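Line order of the protein sequences matches chains A and B. Position one of the first sequence corresponds to residue 1 (our numbering), numbered consecutively onward. Position one of the second sequence corresponds to residue 1 (our numbering), numbered consecutively onward.
No lab work stands behind these hints, which were simulated from the structure alone. Quick caveat, the model's predicted, so the values are computed rather than measured. Certain hints may be false.
What the hints assert, rightly or not - The calculated SDA-like cross-link candidates involving lysine to any residue, where the alpha carbons are at most 20 Å apart (straight line), are:
| id | chain 1 | residue 1 | chain 2 | residue 2 |
| --- | --- | --- | --- | --- |
| 1 | A | K279 | B | Q52 |
| 2 | A | K245 | B | V224 |
| 3 | A | K245 | B | A53 |
What the hints assert, rightly or not - Far from chain B by the CB rule (all over 10 Å, computed), these chain A residues:
| id | residue |
| --- | --- |
| 4 | A45 |
| 5 | G94 |
| 6 | K97 |
| 7 | R111 |
| 8 | E129 |
| 9 | V162 |
| 10 | I177 |
| 11 | K182 |
| 12 | Q211 |
| 13 | E241 |
| 14 | K267 |
| 15 | Y277 |
| 16 | A281 |
Even glycine gets a Cβ: it sits at the ideal position worked out from N, Cα and C.
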Amino acid sequence: MSQSFLRKGLDKPLRFQHRLVTALFLLHVCTTALAENVSTDLRCASDDVGQQICLQAIPHRVVSLAPNLTETLFFLGASDTLVGRTARCNRPAGAAKIPQIGPYLHPDLERIISVKPELVLATKPGLREEIVERLNALNIRVFVEDCRSMDDLCSLLRRLGVLLGRKEAAETAANDIQHRRKILRERLQGLARPSVLFAVGVKPLVVAGGQSFLGSLIREAGGTNIAEDLPISYTRYSLEEVLKKDPEYILILDKECKQQECVDHLKRYAALSAVQYHKVASLDADLVARPAPGVIEALELIAKTLHPTAEKMSASGREHR
Amino acid sequence: MPSSTLSKTIRSSSILFVALLGVVVISVGFGARGFDLCDMLCRIGDGSQTTQAWTILLEYRLPRTLLAAVAGAGLACAGVIFQAVLRNPLADPYLVGISGGGSLGAVVCITMFGQNRLLGVSSMAFVGSLIAVGLVYGLALLRKGAGYINTIILAGVIVGALMNALMLLIISLTGSDEMQRILYWMMGDFSFADYPKGAVAATVTCVGWIAAFSQANRLNLLMVGDESAANLGIDVSRMRTFFIVVAALVTGTVVSVSGTIGFVGLVVPHMLRLAIGPDNRVLLPASFLGGAAFLAGADCLARLVAYPTELPVGVITALVGAPFFLYLLLRR
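With the rest of the complex left out, here is chain B (with noise of 0.2 Å):
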């Protein structure tokens, strides 16, 4: 790695570092009325008002803080990943039929077992994912590679929208009892997070995220050609295969754990080539520090905006998203 790039990488990193634990401090610490962290610890006397506080802090704020974080990370890992190896500005990590297919597991198992435990819902909507990126993926390799880009990208509509066909199928016929609770899981939730979960889901991103900086050379190059890249030396159907693999475990493994939530994959890349340029050595942990950053602010959000009811988060990273975004498009 070039110094210049080094440089550019520290800096830019420091800086959404700072932001990042700017929000998690942020988003820990406000409640209803405003920034009530240190009101709550710093109570001195009654004791059981201290230990509720704490376990406010502890059990809800802090988990759920943290798994939006580690979800936003993912997702915005992954959007780089897609949209460098799809060479397509709109890929997003649901391109390849994930949100489809995640929400048929989810469907799947909430309409079938019941309310089983949430570990159920995960895994099924995991396996879900799968499924969909399996036969995405499946129908790219049976083509040889001919025309691998546009393939991926057709089937990837088309299989997400056989997925979401067969959910809606499914839902139509077991009745409307759950209708609820499957509206609320494909908007987004993380009011139920707790250390276990993002514990699995940080593990996977941060793999992922490893495995994928550790080649971010071989995504540049990807970027710019599969000619120019066979020609530099390199396997461009296997490499393609790697990326396309890691960005779909990660995406899986977010989507099991909160949901299908949009936008973050899809924007947070774009807002950060619009300000650091394209280097994919510089945009991986931009985007890990930047998704995590905005979708654990989005949370926080979602979360006090219409207190005590909460906002699917969905609907805040869409609402603020899009603004700003189109402020970063027209300010170029």
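Okay, chain A solo, but in the shape it has when bound (with noise of 0.2 Å):
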């Protein structure tokens, strides 16, 4: 009696012991379920202007604020998601197909709102802040890159590979970019760096300085930027400076003229040899200035302008060898 009674006694607590332990271990692997799901449908990058962008899962609708952006997306295979591009977004052909939210720089609110995007993609300069202010407030998400280098590029890939579930095609892109920027430097290894000029615009003169994203392909295509200590990325640039300096090479921008209009507007100043020796190059600014993968070919364009032997030179080296 006193036995059963004990272990009566024993036995409730124990069997609430026990039901406790298997209701606890229920929860513990539903709430760990439940947070692996998450993580795994969670996708998280970080922007250039220190925001954290989070996505429950792959975005559908997409609104490209930048013609690089607009660019690198269809490079992704991710065009299909892209609702909304701005008026310049001109490269690559497809994207004509996409609606407009307005000009560059000038976004249509209403328009981007009215495509109900899940993610926004833009770019820092000439971005205004308001409309990240705005979007946020309506619950969706902008992303803003700021691509001052190669390296960034390849690092803006592979986020945006993440956010937009195309890891792998971002990872491939980012490492070709890579190789072939490996192979330049190697080709570019030991040769002297003319020094360079790079005009942005000519009337007036604006030129892009160290920091800018220009002048990271002017470091990497092996030439010395002859506005490298421009404490901003592009601006006004003194002509006196521009002739006593003397660059070897001009490149110009051609965003601004009609075929070769500043090519010869820059041959009035016969004094500068790079106009004497015919080294002045109009570049084309849809290639050249805009931060997306297709940008490689741009610097492989210009290390080629500033080194027209390099390639034979490291042909004829390779045969040596």
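Make the complex out of the two chains shown on their own, each in a separate frame, by following the hints.
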């Protein structure tokens, strides 16, 4: 009797404990399963203005506010998610089919909202902060990039790959860029670095400084930017300083020129060696000034312009080996 | 011209002429590392460096300084004329819609014809200025002289606003590709000065100045009032038309070669009036030289303050001119 009572007395808490443990275990399993579930679905990446962008799932509706981002989306095979682009987004050809949400630098908020984007991609230079604030207030996440070098571009590609569920494509693109940069570095090794002026605009003269993306292209292409020390990315520049430093090459972005007009304009300054020796080159702004995967071709083009003999030399060097 | 006026003219003009010469020498001689005129030219030996120095001086600093001086002279004289004819201390060369018209012309050229030859932008800006002035003056003529001065001033402000609105409309419709260029144009820019441009501007400014100076007596009478001027035997409306056309042509030319540079035409005449009195026979030569010195100096600062970056010259004219003008007002 007493024994059975005892057993009963013992039994009860035991059974209770057992249940508690089971319940806790189940709860634990549930939460971990949930947590795992969440972590597989929540995609996070930090952008270049200190925001952490997290998405519940792969976005199916994306708006791009810059030509380079539109191009990148196409490159990553995510063009089917694009539901809006700016008037300036003209590359690749398929971009024309995507609805416009207004001019570059001045997108139409109403049109952005009306296409119900799950993610908006923007580029920092020229972006009005109000747009980010307004969209954030409407619970639309805005990823803002600020590419200033090829390394930044590779990092951007990888982060966009995570956000857009195109990790592999992004990895491939980034690796391809890194590979071609490496080849370029080897080819340029030991070569003299000619002085270069990169004119973004000619009237008045606006140049790319060392902190700009174009400045980084000059460095990688084996040139010495005469405006390397400028504290601002792009700024007006004194012609006198150009005459003094007398760059060996002058590169001009063709943004504001039709055909050869900018090059012709510079020919007035016959004292410049670049003019004398025909080392003034006009570059396609749509290719060069857009940090997108295609820009690696621009980099190779600039390197070829600055080092016309490098390819032959490295080829003969290889044969020699 | 009475001898006292003549001597006053000679005295003030010679002082300002010396100042102008000084400014030109300083502007041509100053580089990023201080006064390097001698440094650049007296260097013995390396031939290529001396050539380069001459190129910088002759192809860059000198035409630029001269163009700035011519523009300053033109704007200051136009300011004197407008302030006298309209009897309004706030009148400046841009009052009759010239800046709006000129900007519109320049923007039309830049956005529609792309990077055209500079002559393109200049001539379109000139045409734009003339259209604006024509509109304003046509309105004043339509009202047959009734409330002439107020009509000119109001019509000028309104036509200017209209032209500005058209310009902004074109900019917004064509996208922002050229925004930077347009902005720099509107803030004034001498960095692409060359001798042909300077020669055109100098010819128009000098002819305009001679025309106005030869009638300086009549400008004085217009300043007193229409009735008194008419009583003294002046065809008031004809004289006013003459002065406004001269001032508008000079301003339009200056705008077409340099963009719209504010403050010079407003403040230089006032500064000189405070110093030498309101007599236009003295004031016109003084403004010609003083305006030239002022703008050439401002451009020198714009070129050097943030070297190798360049500042818009309009920023300097206002930053330097405004405090100096306030000081003169207080001292008075």
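- prompt: Which numbered hints are broken by the structure, listed smallest first?
  reply: When the structure is compared with the hints, numbers 2, 13 turn out to be violated.
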